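Q: Sequence:
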Amino acid sequence: MSSYAELQAEAARRQEALARKPLVRVGANMSALAVGALEVFRAIEAEVRCRGLDCTVDQVGGLGLAWAEPLVDVTLPGGPRIFYGNVTPEGVPAIVESHLAKGQSLAEMALGGLGDGLPPGIA
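In the working numbering, the protein residues as written are 1 to 123.
Everything labelled a hint here was simulated from the structure, so no lab data went into it. Just to be clear, a hint being listed does not mean it is correct.
[Said to hold, decoys possible] Derived Cβ-Cβ restraints for the label pairs, each shown as a range:
no.	residue 1	residue 2	range
1	Q104	S2	33 to 43 Å
2	Q15	Q59	29 to 39 Å
3	K102	S3	16 to 26 Å
4	G36	S3	40 to 50 Å
5	L7	P119	34 to 44 Å
6	P120	R42	25 to 35 Å
[Claimed, not checked] Below, simulated DMTMM-like cross-link-like pairs (lysine to aspartate or glutamate); rule was C-alpha separation at most 20 Å, straight line:
no.	residue 1	residue 2
7	K21	E10
8	K21	D116
9	K21	E39
10	K21	E45
11	K102	E90
12	K21	D54
13	K21	E90
14	K21	D58
15	K102	D54
16	K21	E97
17	K102	E10
Note that the structure is predicted; figures quoted are calculated from it, not measured. Beta carbons are placed, not taken as given, at the ideal position from N, Cα and C, and that holds for glycine.
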């Protein structure tokens with residue numbers, strides 16, 4: 001059995017590994033799934049794989065904005081979290097190309113962001 005300190009160390013190691021590459025979270029609660037979140041998730045996975053990008057793409061519970069589902073949350077290493085709302089599979093290539101491949105968030109598609117260093121046009 002692992003000690004609490006060992007579990008903490010393992011959790012810190014995993015968190016550090018996650019922070020080294022882009023992280024994409026797709027809200028996948030029931031309301032998100034009802035409006036196409038699974039299709040958006042699959043489109044992101046396919047686009048990332050097609051481009052050979054090293055990203056973590058994951059499904060998470062609701063991100064709190066049911067009116068904006070499907071909601072996609074993108075975090076680059078050391079950067080703020082940027083939220084894209086009402087994402088469709090057709091909108092995925094633009095997000096992947098600009099934000100993940102080039103490191104430039106899409107202010108015209110973003111709902112907002114969290115963290116230091118938010119780009120111009122994103123509050």
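Q: For every hint, state whether the structure bears it out.
A: Results of checking the hints against the structure:
Between Q104 and S2 the beta carbon distance is about 42 Å. The supplied range of 33 to 43 Å therefore holds. Separated by about 18 Å at the C-beta atoms, Q15 and Q59 break the suggested range of 29 to 39 Å. Distance hint check: the CB atoms of K102 and S3 are about 44 Å apart, inconsistent with the given range 16 to 26 Å. Checked against the hint of 40 to 50 Å, the pair G36 and S3 passes, with Cβ atoms roughly 44 Å apart.
Look at L7 against P119: about 36 Å separates their beta carbons, and that is inside 34 to 44 Å. Distance hint for P120 and R42: a CB-CB separation of about 32 Å, consistent with the stated range 25 to 35 Å. The suggested pairing of K21 with E10 holds, with an alpha-carbon distance near 18 Å, which does not exceed 20 Å. Straight-line distance between C-alpha atoms of K21 and D116 comes to about 18 Å, which keeps the hinted pair within the 20 Å bound.
A hinted pair counts as satisfied when its Cα atoms are at most 20 Å apart, and K21 with E39 does not qualify at roughly 23 Å. At most 20 Å may separate the alpha-carbon atoms for a hinted pair to count; K21 and E45 meet this at roughly 15 Å. Of the pairs offered as hints, the one joining K102 and E90 holds, with about 19 Å between alpha carbons and a cut-off of 20 Å not exceeded. Taking the CA atoms of K21 and D54, the gap is near 7 Å; set against the 20 Å cutoff, the hint holds.
Note on K21 and E90: the hinted pairing is violated, with a Cα-Cα distance of about 24 Å set against a maximum of 20 Å. Proximity of K21 to D58 is assessed by CA-CA distance (about 13 Å); at most 20 Å being required, the pair is judged to hold. As the CA atoms of K102 and D54 are separated by approximately 13 Å, the hinted pair is consistent with the 20 Å bound. Only pairs whose Cα atoms come within 20 Å are accepted, and K21 paired with E97 is accepted, the gap being roughly 16 Å.
At most 20 Å may separate the alpha-carbon atoms for a hinted pair to count; K102 and E10 exceed this at roughly 32 Å.
Of the numbered hints given earlier, the model fails hints 2, 3, 9, 13 and 17; all others are met.
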